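Chains A and B supply the protein sequences, listed in that same order.
Be aware that the first sequence starts at 1, since it is given in my numbering, and climbs by one per residue.
Be aware that the second sequence starts at 1001, since it is given in my numbering, and climbs by one per residue.
No wet-lab data here; the hints were simulated from the structure.
Among the hints, erroneous ones may be present.
[Unchecked claim] Below, a list of computed lysine-lysine pairs in the DSS-like style, where the Cα atoms sit at most 27 Å apart: (1) Lys-170/A with Lys-1076/B; (2) Lys-156/A with Lys-179/A; (3) Lys-1129/B with Lys-48/A; (4) Lys-1149/B with Lys-182/A; (5) Lys-37/A with Lys-1129/B; (6) Lys-79/A with Lys-102/A; (7) Lys-179/A with Lys-1059/B; (8) Lys-1059/B with Lys-1149/B; (9) Lys-1054/B with Lys-182/A.
None of these values were measured; they are calculated from a predicted model.
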Amino acid sequence: MNVHELNPKKTLGVLIVLVIVVIIGFLTMKPSPYDYKLNVNQSIQLLKDTSEINFYPYELVDVLNHKNKNVVLIDLRNKYAFGRGHIPGALSIPSFDLTHKKNLRLLKDYKKNGLTVVLYSNNQLSADGPWFFFRQIGFNNVRVLLGGYNYFLKHKNNLAATRFDNSYIKGIERFNYAKVSKSSDKSFEVNQNNKPKPVIFKRRKREAVAAGGC
Amino acid sequence: MNRNYYILTAIMLILAIGTVFIHERKYTSELPASELLWDILQPSRFVTTDQVAKRIIEKDPSLLLIDVRSASEYNKFSLPNAVNVPFDSIETATGQQYFGNPGTKVVLFGNDGILSNRVWILLRRLDLKNNYVMRGGLNEWIETIIQPKMPKQTDPETSFEQYNFRRAARLYFTGAKVVTGNMKKVKVVFKKRKRAAVAAGGC
Chain A
1 MNVHELNPKK TLGVLIVLVI VVIIGFLTMK PSPYDYKLNV NQSIQLLKDT
51 SEINFYPYEL VDVLNHKNKN VVLIDLRNKY AFGRGHIPGA LSIPSFDLTH
101 KKNLRLLKDY KKNGLTVVLY SNNQLSADGP WFFFRQIGFN NVRVLLGGYN
151 YFLKHKNNLA ATRFDNSYIK GIERFNYAKV SKSSDKSFEV NQNNKPKPVI
201 FKRRKREAVA AGGC
Chain B
1001 MNRNYYILTA IMLILAIGTV FIHERKYTSE LPASELLWDI LQPSRFVTTD
1051 QVAKRIIEKD PSLLLIDVRS ASEYNKFSLP NAVNVPFDSI ETATGQQYFG
1101 NPGTKVVLFG NDGILSNRVW ILLRRLDLKN NYVMRGGLNE WIETIIQPKM
1151 PKQTDPETSF EQYNFRRAAR LYFTGAKVVT GNMKKVKVVF KKRKRAAVAA
1201 GGC
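Bound-form chain B, shown alone (with noise of 0.2 Å):
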């Protein structure tokens, strides 16, 4: 063949040989440092315990809660079908068969939200995706949905809407029974008006 076609071929294994030397960063799964900061910044991960109360009553499928605390501290209390991923536990193969499932919703959730959130960023640098963390906890929970505070007279409508909705949650999470007062008949009894004496003399 001709002797170009030849010089052509050298030319072009050098070049690809070269180029396997020239990338110093070993290709991992993993997001790009650059990428992972830019997504911290981002505010979209975070979800409020109303916002999560309101998709357990409505028994949304596509929902899954984990528990990143301890196994003892997740055996005390946890929230209705939360499953439990110790956060140290994250990197291992029971712990990786939550994540990463299509169409289901991680919701991440801890005691006040930072371990949760540092759980978050771990998985995000792992490339995976549609996580969320509640923000404040278990203790935002307490706080919010089983101990509504009652809004002041000079709240705006939202708030008394939300206080509505919480003290429904409330009955729903904690079971309670509604209190209606005492049904019982009530006895009626007619009292006769004693006549009172006539004045004697009168008219």
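Bound-form chain A, shown alone (with noise of 0.2 Å):
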């Protein structure tokens, strides 16, 4: 006979225990915080049209003179970057913090309230990436500002003039790319091995020998 048959209601115990703890691990299993709510086409046509995306410089003027309450600045460089100076009023959170459960409740709750949230870093590339991550997760009032810090310390006197510049409008050709990679644009000089100036060697003039000398 077999021993579990020997033993049937030691056997059955166990099992029932088994079932039960297995039951437990599915009921506290946790859903992951992040969910995508875009798929990827939504991600792909959210690319074309940049009129959610783009918070511009000089938009930042109604928000530093808080005439714009609506806008909450995000800084995602480290601590260290953000105590040599930030915009004022920005929140710091370093970008590896943004993993952390407490950064996605205050993201929650600021989309929840209808606050806009603009992401910055150095440049615009570094806080691009989290912003689009962002997006596809369902967090549709996120921006990122155009030119980063960099720009905003360059222009933080005159930041409402600088609505006419376009130098931080990224993915536009800023070159003619196929003039500018021939060999015969003279734009660019080629040649600059300095030609050695001649060196000139002034001779003497002999003094006039006064006559009637040898």
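Mind assembling these two chains? They're in different frames, but the hints should get you there.
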């Protein structure tokens, strides 16, 4: 006879405990904090329409003088960079801390309250990745500051005037690539070997020998 | 058979069916969002224009350059041997054939690096690896390889090495001829020195 058949009650008891443990495991399984709300195709469509993506430097004027109270600035750089200088009123959330649950809860609160969240880092590229991620998981109130902190630093005294500057716009060709890459393009001087200047020896003029000499 | 075995089998079946209902998330081939965020925060996907230029010159067979801009922009100019996969066609069959091939290193580029970075994120979401982003895009390419700036005298030695590399790369990519100056034969002319008139009544 099988040992289990000899102790049916013990076997059944152990099995019931096992089943209960498994059921408890399923019930307490935490769902992932992030879930994609946009599929890949929708994310691609998002790239084509930039109206909800960009936050322009001149829009900071209203944020800095508190006229626009619906914007939260988040600085993604590390604490040291933040301490050295940041946009006034910005919140410091180093980008690696974005994986922490409490920051996710913060973002959820902002979304619930209808606030626009503007991410920035030293340059636009560093903030762009996290921006795109948060869009895909459903935070459609997140934008990127064009030009990043570097641009802000250079123009912080005349932000309103930057409305007509386009040096912070990314994605446009700043050169006529085809023309510039041709060898006949003379706008860039290849010949940078400065020819050595000719050296001039000045011969000392012989003074006239006094007549009636030798 | 023993009644207990029937009970056991029934419990196991109930559990097995139960797991189908408990997992709400559909199984997809996409990367979980939490892992995607972690990968986005790593800087390892970026390559510089110098690195790309070096690989092109060395004819690295594992390199595959992908231009993510529109077809019209690609036709105006692109990097040598680059393939055009516009960003809105990465999910199509023609787009997908370039990704996920073992042994190939894909380098994505655009005008500035912003668009190619976003494409990288979507590819990573689709669980594709071995993709890289050329930082700065074609604008940076022009500023570093085609029009390199001479380093200041106070810059470190490495700046000069990099500058020399870029000058050589420029010649490679623009097909510029090296100007070595006129090598015509120089005619040698002897000029007889006029004898100065001897002073009369001299010594």
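Hint by hint, here is what the structure shows:
no.	hint	in the structure
1	Lys-170/A with Lys-1076/B	19 Å, holds
2	Lys-156/A with Lys-179/A	35 Å, violated
3	Lys-1129/B with Lys-48/A	24 Å, holds
4	Lys-1149/B with Lys-182/A	18 Å, holds
5	Lys-37/A with Lys-1129/B	23 Å, holds
6	Lys-79/A with Lys-102/A	17 Å, holds
7	Lys-179/A with Lys-1059/B	24 Å, holds
8	Lys-1059/B with Lys-1149/B	25 Å, holds
9	Lys-1054/B with Lys-182/A	19 Å, holds
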